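Enquirer: What follows is the residue order along each chain.
Protein chains: 2
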Amino acid sequence: MFGSRGSRVNKMFGLYARPVDRGEALSRLRALGLSDEDAQTLFAHFDAAEQAGKEGHGHSRIPWLETQEFDPIARPVRLEQAESFERWSGNGGLGYLAMASICRATLAAPPDRARLVVAEGCFPTGSLGYWARSLADGGLIALIAATSPRRLPAPTGGIPLTGTNPLAIAIPSSDGRPIVADVSMGAVTHGDVIAGRATPDELVPFGGPLAHKAFALAVGLELFVTALAGDEHGAVILVAQPEHDPVPGFRGLADGIRLPGDRA
Amino acid sequence: MFGSRGSRVNKMFGLYARPVDRGEALSRLRALGLSDEDAQTLFAHFDAAEQAGKEGHGHSRIPWLETQEFDPIARPVRLEQAESFERWSGNGGLGYLAMASICRATLAAPPDRARLVVAEGCFPTGSLGYWARSLADGGLIALIAATSPRRLPAPTGGIPLTGTNPLAIAIPSSDGRPIVADVSMGAVTHGDVIAGRATPDELVPFGGPLAHKAFALAVGLELFVTALAGDEHGAVILVAQPEHDPVPGFRGLADGIRLPGDRA
Numbered sequence: 005m006f007g008s009r010g011s012r013v014n015k016m017f018g019l020y021a022r023p024v025d026r027g028e029a030l031s032r033l034r035a036l037g038l039s040d041e042d043a044q045t046l047f048a049h050f051d052a053a054e055q056a057g058k059e060g061h062g063h064s065r066i067p068w069l070e071t072q073e074f075d076p077i078a079r080p081v082r083l084e085q086a087e088s089f090e091r092w093s094g095n096g097g098l099g100y101l102a103m104a105s106i107c108r109a110t111l112a113a114p115p116d117r118a119r120l121v122v123a124e125g126c127f128p129t130g131s132l133g134y135w136a137r138s139l140a141d142g143g144l145i146a147l148i149a150a151t152s153p154r155r156l157p158a159p160t161g162g163i164p165l166t167g168t169n170p171l172a173i174a175i176p177s178s179d180g181r182p183i184v185a186d187v188s189m190g191a192v193t194h195g196d197v198i199a200g201r202a203t204p205d206e207l208v209p210f211g212g213p214l215a216h217k218a219f220a221l222a223v224g225l226e227l228f229v230t231a232l233a234g235d236e237h238g239a240v241i242l243v244a245q246p247e248h249d250p251v252p253g254f255r256g257l258a259d260g261i262r263l264p265g266d267r268a
Numbered sequence: 005m006f007g008s009r010g011s012r013v014n015k016m017f018g019l020y021a022r023p024v025d026r027g028e029a030l031s032r033l034r035a036l037g038l039s040d041e042d043a044q045t046l047f048a049h050f051d052a053a054e055q056a057g058k059e060g061h062g063h064s065r066i067p068w069l070e071t072q073e074f075d076p077i078a079r080p081v082r083l084e085q086a087e088s089f090e091r092w093s094g095n096g097g098l099g100y101l102a103m104a105s106i107c108r109a110t111l112a113a114p115p116d117r118a119r120l121v122v123a124e125g126c127f128p129t130g131s132l133g134y135w136a137r138s139l140a141d142g143g144l145i146a147l148i149a150a151t152s153p154r155r156l157p158a159p160t161g162g163i164p165l166t167g168t169n170p171l172a173i174a175i176p177s178s179d180g181r182p183i184v185a186d187v188s189m190g191a192v193t194h195g196d197v198i199a200g201r202a203t204p205d206e207l208v209p210f211g212g213p214l215a216h217k218a219f220a221l222a223v224g225l226e227l228f229v230t231a232l233a234g235d236e237h238g239a240v241i242l243v244a245q246p247e248h249d250p251v252p253g254f255r256g257l258a259d260g261i262r263l264p265g266d267r268a
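Taken in sequence, the protein lines are chains A and B. Counting the first sequence from 1 gives a position; the working numbering is that position plus 4. Counting the second sequence from 1 gives a position; the working numbering is that position plus 4.
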């Protein structure tokens with residue numbers, strides 16, 4: 005039954021389809037009305053997620069996008085711009101493209117010290133670690149939170165109250181290998197449920213007997229983003245200039261232990 | 005043996021001592037050379053933690069302070085001050101007092117939009133939720149991270165690599181009841197170990213089979229704070245003006261479920 009639900013859904017969403025090649029991916033994305041540049045931006049994100057083993061944010065999102073309604077020519081807009089605070093809107097387009105525009109603009113004109121960027125109507129945001137890594141690759145500390153559909157109930161039960169609400173933190177390093185933590189608060193992903201790899205009742209805050217901790221983080225991040233970006237799903241990006249370079253020393257201390265964001 | 009270790013350590017640190025009353029607490033704190041104002045600031049923090057059931061940050065810290073070396077008359081200093089970025093130093097005094105000064109100064113002159121405050125040499129910081137709540141009580145969104153002695157190994161084992169590295173997030177509410185998430189990444193606290201309520205090998209990232217998630221957050225927060233504040237233990241405080249008021253609606257949705265920071 006588990007298998008059969010999986011296959012039915014997979015037929016719908018193509019989640020077990022072989023990874024698509026770049027040419028096919030770009031042509032399918034352009035067929036949705038996206039510009040060549042936007043198609044390339046999306047594929048770069050999907051492919052990096054796929055390579056990193058985050059299949060839920062990877063190639064499977066191409067057939068998923070083919071089932072979604074969105075404005076393929078909408079451009080994200082910067083509604084407010086100051087040295088240390090910006091507000092953007094996804095403007096009806098894909099959140100991925102708003103995140104890409106924000107990262108590009110931030111790297112082109114980084115803050116002197118720190119900047120908080122609020123992205124309203126910005127969904128889906130995909131793999132937050134991908135965007136955080138791009139900022140750290142450009143020399144900035146990044147902390148990113150985003151909201152998504154409510155899927156996590158409290159550990160005591162009840163209706164879903166929060167999204168899986170990932171938090172990504174990336175720290176640049178003089179050795180060129182940033183540390184990128186990217187943690188969602190769910191014990192499984194929604195993608196796992198869709199693909200039949202997990203049952204809906206497994207989509208709860210992680211932590212088992214300490215799940216109140218992941219639930220508290222999910223609630224805190226949900227309201228943190230919502231208090232800044234409003235009810236529509238959004239994202240908040242904090243970037244700052246590092247004053248110190250702790251990553252090489254930390255890698256030395258860890259002595260070969262795999263650290264967040266490193267390849268398996 | 006468990007019990008005897010507990011009692012031996014308790015005799016040293018007085019952790020099972022009855023909660024001290026205000027008069028006795030203030031007089032013991034003043035006896036350490038602290039001013040009356042600082043003694044009151046410390047007792048307010050310890051007592052709130054005690055009342056909130058966070059005994060590790062509560063009254064037990066008074067006998068603990070009596071065993072510590074610190075400069076009781078050091079004043080925290082603001083090394084850098086701009087509208088949206090500040091850098092402070094604990095200046096050899098107690099981190100609690102630096103946190104209190106930062107919160108007081110921030111509430112007295114809140115940012116127009118957002119401000120990142122870096123606190124160097126700021127230890128111990130105590131219950132981060134207490135400071136976050138004070139900022140939310142004053143109308144600000146607050147996110148606070150702090151480093152502490154390395155106590156958590158990777159889930160795969162090895163030497164301790166990170167502190168328990170709490171993250172606190174507080175969101176103000178028009179109903180006067182902010183939501184305050186305050187989560188440390190350890191399955192137990194160091195206080196639990198000192199008090200004999202847990203064994204040292206239980207002090208690992210929380211999450212059981214998903215402990216790599218709490219470990220990733222602990223590493224990300226460790227390096228986030230260190231990249232800004234340096235190697236000495238410190239804290240980073242982000243405050244922002246809310247643009248929306250999501251808490252009352254969220255409480256309605258939760259329909260009586262206990263939310264982070266609410267009294268049991």
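Think of the hints as simulated: they come from the structure by calculation, not from any bench. Just so you know, these numbers come straight off a predicted model, no measurement behind them. Among the hints, erroneous ones may be present.
[As the list claims (entries may be wrong)] Not everything, but these chain A residues come out facing chain B in the computed CB check (under 10 Å):
(1) Ser-88
(2) Pro-153
(3) Arg-154
(4) Pro-176
(5) Lys-217
(6) Ala-258
(7) Leu-263
Where a beta carbon is used, it is the ideal one built from N, C-alpha and C, also for glycine.
Enquirer: Does each hint hold? Answer for all of them.
Expert: We went through each hint and held it up to the structure:
1. Annotation: A:Ser-88 was flagged as interfacial toward chain B, and the flag holds, the nearest CB pair being 4 Å apart, inside 10 Å.
2. Hint on A:Pro-153 is violated. Least Cβ distance to chain B is approximately 13 Å, over the 10 Å limit.
3. The beta carbon of A:Arg-154 comes within 8 Å of a beta carbon in chain B, closer than 10 Å, and the hint placing it at the interface holds.
4. The restraint placing A:Pro-176 at the interface with chain B holds, with a minimum CB-CB distance near 8 Å, inside the 10 Å limit.
5. Checking A:Lys-217 against chain B: minimum C-beta separation of about 5 Å stays under 10 Å; hint holds.
6. About 6 Å separates the beta-carbon of A:Ala-258 from the nearest beta-carbon of chain B, less than 10 Å, and the hint is met.
7. The interface hint given for A:Leu-263 holds, since its Cβ lies 6 Å from the closest Cβ of chain B, which is under the 10 Å cut-off.
Checked against the numbered hints given earlier, the structure breaks only hint 2 and satisfies all the rest.
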